[in-house]
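Here the protein sequences come in this chain order: W and D. In terms of the working numbering, the first sequence opens at residue 1 and continues consecutively. In terms of the working numbering, the second sequence opens at residue 1 and continues consecutively.
I should point out that these hints are in silico values taken from the structure, not numbers from a laboratory. Cβ atoms here follow ideal geometry from the backbone N, Cα and C, with glycine treated the same way. Where hints are given, some of them may not hold.
[As the list claims (entries may be wrong)] Here are a few chain W residues that face chain D, going by a calculated C-beta distance under 8 Å:
no.: 1; residue: R60
no.: 2; residue: S62
no.: 3; residue: P64
no.: 4; residue: A78
no.: 5; residue: N144
no.: 6; residue: V145
no.: 7; residue: L148
no.: 8; residue: R149
no.: 9; residue: G236
no.: 10; residue: T237
no.: 11; residue: A247
no.: 12; residue: G251
no.: 13; residue: T252
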Amino acid sequence: MALTLPPDSRTPLSWPVRPGNGLRASHGIARTLRVLLALALALWLVLPLVPLALWAFADRWSFPAVLPQAWGWGGVRAALAQGAVPAFGRSLLLGLLVSAVATPLGVLAARALAYRRVPLAPAVNVLLFAPLALPAFVAALGLNVLLLRVQVPPFAGVVLLLTVYALPYTSYTMRVAYGAHDLAVEEEARLLGASAWQVMWRVQLPLLAPALARAAFLAFLVGWSDYVITVLVGGGTIVTVPLLVAAAAAGTGNDATVALLSAAALLPPLVLLLVLGLFGRRPRSHQTNGDVK
Amino acid sequence: MRRFGIRRIRFGTFIAGAAAALLVLSACSAPAPAQQSFASWDQVVVDAKGQTVRLWMYGGDEQGNAYVDKDLIPAAATLGVTLQRVPVADTRDALNRVLTEIQAGTRDGTVDLVWVNGDNFGTGKQAGAWSCGWTSQLPNMLLTNSSDPLLGNDFGTPVQGCEAPWSKAQFTIAYNSATVTDPPHTLAGLLDWAQQHPGRFTYPAPPDFTGSVFIREGLDSVSGGDKNVPLRFDQKAFDRLTPALYSRLKELAPSLWRQGKTYPKTSAELNTLYAGGQVDFTMTYGPAELTKLVADGTYPAATKVLTLNEGTVGNASFLAIPSTSGHKAAAMTVANLALSPEQQAAKADPRVWGQYTVLDTARLDPAQRALFEQLPQSAVVPSYDVLSRNANPELSAAWVPALDDAWRRLVLAGR
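Construct the complete structure from the given sequences, taking the supplied hints into account.
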């Protein structure tokens, strides 16, 4: 086993130190190019959002003016009148529920595929990925008949179908994470007397936390951005933000409303991403401690 | 997110057609349209109390949404009916939901009322999606003219009490009078104008709803008037009449916006071009929106409605109750309420929504008539009487795909 044992039991487990060192850092032109490329990429991501931000508070902006001719709260008022606040609440709930169901399922599937002999493993893999190939519209139209026949309540039906659509993301993310996960660490903890429960909470979970966070985030996005399943399976009982955006975008003169709703719809995922960035990492301090020693 | 949603919807429309076709093919298994039977209107009103009605409607018209939220919902509440508005990007979404409910044999569906007309109504009727024969029980139906062709036929599909009238609309062409100083007065004249002013005119590409109407207007025009085009589709008439239409449109194409190499995909795109002053004309089946769009500065202040000597096509839109709805009494109550002179007048106010009434003013009492006479005139849109002068009936729905397909083959791909 290539793993070095910790000096004593009080020292927390540490991940191998990051291999980056002075030799890997780029210099000169390469460095300049790299920075420029990063800046260009950032610009490419941010640029499309600028008109969105401008439109959100533009009461009048007609071609060919470069900037809005009149600023105001028209977009905000219209968005509120369309029921934006309760819609945000419902979208948030839907995203969190899908995430809460699809992430553990993805973990279980990935762990089984990584460590157990799953019969017909390639077929299971394909099955887990199948939702990505199946247009949501087809699934919604076909499966809704079944859901109605067995009397599944609309909200439960939406969560169920969206969970299926989130599974490819969560199971794939976790499959990759388990691929890089060293089971020896868990075995070692068991050897040192940890219970299976302790191994899961104190060893496995911290090591997999970043991947778990990524999987949960992707699953949240599936619930957060869906239109077609929410409409067809939800049957109008759940009016979420994508419904408001799609409806407003289908009309003329709603640019400010659409921009405001879309820009506002970016915020919760962005906040989640930041939270993940702050808390979803492996504890850095331990690594630094290890470095110093 | 927005783009993604729209792409799915487009694909959805395609699948919906296929699904509806399948349903029609398996018509033996499709349930017959449920017949509504209430002993009396009083019975309906009593049954309606405490029920919830979900009204599914196209949500892209903020004024329409506001009218329902601020006028219709509170008025329904006084009758003991909880009305909820479900905004959708396309009425087809509501129909799709109903079609799955029919397949599942649902009796208590989540769609109770749909704002619908044309193609969606016809497809749904074929598939048994609507409750029929209930509108004659609505007391306010007596205030409409039962022989009005717009209310008896919805794009060639007989209404047969499967939907209650709600609003009338007239296909309208608007122009910027600041740049168009010599407005034409016929559709042929409009096409000539477009040729004399390259790049200043275009129309949405069919099968966009509005673009499709424009093609039909063109067919009437090149055929020497709507009286020469049979309402019912027939292949011989199509072969005889359409070559003139497509050769005219092909001849026109190089003079259109961007030399006709591309067309606005939707009427919303054409409206944006017009709002930005890139073209001088736009067109809509909902002239009601023009007043607001000029007032809030989206459209140029000099926007005017182009009245054509030969008239334009008109239609009505309706409220339909799906056969799977479990709240028919309440849905009928709301449909009757929406037909009341008070609600029709509120809806016709250009400051509220500006949708034309389906009521026959001759059948109203003086107090009710006064409600309509008090309405302020829109500065942009003429009254319905003026707009609907010489109004032409809509061709039957079977004409639409044939004309749209030929346009794509001969005009769009033919250059």
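Consistency of the hints with the structure:
Interface hint at W/R60: satisfied, since its Cβ lies 4 Å from the closest Cβ of chain D, which is below the 8 Å cut-off. A hinted interface residue such as W/S62 counts as satisfied when its beta carbon comes closer than 8 Å to some beta carbon of chain D; here the least separation is about 6 Å, so the hint holds. Evaluation of the W/P64 hint against chain D yields a held restraint, the C-beta minimum of about 7 Å falling below 8 Å. The interface hint given for W/A78 holds, since its Cβ lies 6 Å from the closest Cβ of chain D, which is under the 8 Å cut-off.
For W/N144, the suggested interface contact is upheld, since its CB lies about 4 Å from the closest CB of chain D, less than 8 Å. Satisfaction of the interface hint for W/V145 is found here, the shortest Cβ-Cβ separation to chain D being roughly 5 Å, below the 8 Å cut-off. A cut of 8 Å between beta carbons decides the hint on W/L148: the least distance to chain D is about 3 Å, and the hint holds. With a cut of 8 Å, the hint placing W/R149 at the interface with chain D holds, because the nearest CB-to-CB distance is about 5 Å.
For W/G236, the suggested interface contact is upheld, since its CB lies about 4 Å from the closest CB of chain D, less than 8 Å. Among the interface hints, the one on W/T237 holds; its C-beta lies about 6 Å from the nearest C-beta in chain D, closer than the 8 Å criterion. Interface restraint check for W/A247: the shortest CB-CB distance to chain D comes to about 3 Å, inside 8 Å, so the restraint holds. The interface hint given for W/G251 holds, since its Cβ lies 3 Å from the closest Cβ of chain D, which is under the 8 Å cut-off.
Proximity of W/T252 to chain D holds as hinted, the smallest CB-CB distance being about 4 Å (cut-off 8 Å).
Consistency note: the structure conflicts with none of the earlier hints.
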